[in-house]
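Whenever a hint applies, use it, and build me the whole structure from the sequences.
Here is what each chain is made of, one letter per residue.
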Amino acid sequence: MEIYARRRLTNKIALGLSMAAAAFGIFWLVAILWTLLYNGLGALVPSVFTLSTPPPGIAGGLLNAIYGSVVMTLLATLIGTPIGVMAGTYLAEYSRGNMLGHVIRFINDILLSAPSIIIGLFIYGVMVVPMGHFSAWAGAVALSVIVIPVVVRTTEDMLNLVPAGLREAAAALGAPQWKVIVMVAYRAARNGMITGVLLAVARVSGETAPLLFTALSNQFWSTDMNAPMANLPVVIFRFALSPYEDWQELAWAGALLITFMILVINITARFLAGLGSKGR
Amino acid sequence: MTDTAIPAQTRVLSGRQARRQSLMDKAFKSATAFFAITVLVILGGVFFTLVHGSLPALNAYGFDFVTTEVWNPVTDRFGALAPIYGTLMTALIAMAVGVPTSFGIAVFLTELAPPWLKRPVGTAIELLAGIPSIIYGIWGLFVFAPIFQQTLQPFLIDTVGKLPLIGHIFSGPPYGIGIFTAGLILGIMVLPFITSIMRDVFETVPPMVKESAYGLGATTWEVVWKVVLPYTRVGVVGGVMLGLGRALGETMAVTFVVGNAHRIGKSLMAPGTTISAAIANEFNEAVGELYISSLIGLGLILFFITFTVLALAKIMLLRMRKRAGG
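Sequence order for the protein chains is A and B. Under the numbering used here, the first residue of the first sequence is numbered 2, with each subsequent residue one higher. Under the numbering used here, the first residue of the second sequence is numbered 4, with each subsequent residue one higher.
For the record, the hints were derived by calculation from the structure and aren't laboratory data.
Derived contacts from chain A toward chain B, CB cut-off under 10 Å, selection only:
1) 40
2) 85
3) 87
4) 101
5) 125
6) 249
7) 263
Simulated crosslink set (SDA-like; lysine to any residue; CA at most 20 Å straight-line):
8) A/180 x B/18
9) B/165 x B/269
10) B/121 x A/24
C-beta: ideal position from N, C-alpha, C; glycine also.
Given below as structure tokens:
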């Protein structure tokens, strides 16, 4: 009887601990979101959206940073999505069993988790140094390098989920392979692929490290793609570490904005992915 | 679908049309292959750029670069030992916190949670991965560090810090920020990555295997520990390595809380720096070829470390998948 009691006790303790672990994980999510709301909501006044980043002590907002973030994220998505979709298509449709496919899949998965600061150094070396100055273009390209592996991965996964029967049916009707892929496979995988792009947008819109020495930042309103451009993450970084209280407040407002936007995109993406799997 | 719809009367494909379609086929295939190779070019470009950028420093210091602790911009003497130490140490602490916790969460999600709780808890953990690194950073600096400084840290210093042999690791004044704090924050950040892989590999265990263990009278814990874990060992290790790769390269969160001091403290409570934090902090202010080149050299070292760890992780996970498939 003794051994049974001991086993049952071990079981209870271990399962209790694993439940505690789950609570521990959720606790941090709640703690972080609560801090953001607590510090950010008060700072989120209308002028945040109408004024540009101020010198310390003067009223200001984050308009230039919001604009810069939106522009660079959009551009990065526009550059990265076609490349990622095409590469993912190659992996899913053309690379069955060949060595090149295996290598690319392997490298892509490494890029997916590669430190983003290294991407920043890379773009600094290939764009900022030759051009002689920091620029929004460099920032957008740096972000697109982060978009590509995410899109490659989801495109491949989603195309692999498309039943072979659909492709065969189209091929049997005499459609050439490129039409089978573009008009049948893409259509069937559409929701999943959009999910991938959304996840990529969510991922890059909070990225700071690759922008630090590509887009840099800009104290003023600027729409010049050839010049340094303000962006939310870098502004948050600088303002949060500054000794000025009004700058820190703006940093919290920016942090709240960015996090909730990312969470909304994430949840939308999840919802879309759910739709896709139900339809099938 | 207008193009592919079957016309009312079947028409015969002319030779020219057929040739055009086969040309399109070739063009499309080459285009996808071209962009697929772009992925390789990017990685090659990263490697080449880092090597090229760090050549001046590597020429000046040679192998001493990785064994020197000094980091002095004034005398142009740079050594990478302190950031390397910080990177490895913070990642190690992150693993010590993150791995058991992720394991617990994965067990909860796969074996314990009632179906209605599975999705919300799983989603909440995954959302942790969505929160940008910089948010962990300001949260860590303004919220976590002060609380840690006043509660857990003095406690650790007064208890563990007094022990012989290992005591010095936890000794020293409670700064709040430092290597240990950075490690703890990283531990929280890697949770979702490790958890999601562990959950996925746990789900590959055939129900039959688990049920036979239950049938023999095993408790839930015994099934997890003696059946599920051995069956998924390779995948679990792969997931842990993936988390390790993330922790090693994480930048912004660490930059906020690590203290940015180029030295190797006796105590983990002391401020230090990591490779990524040093680059993020100093790159824009760096003047002089050697300084910039040394920072890029740090990047090259980080690239090697993370590439190795991530490649190993990937190989483990591939082996796991092959096993699950076969």
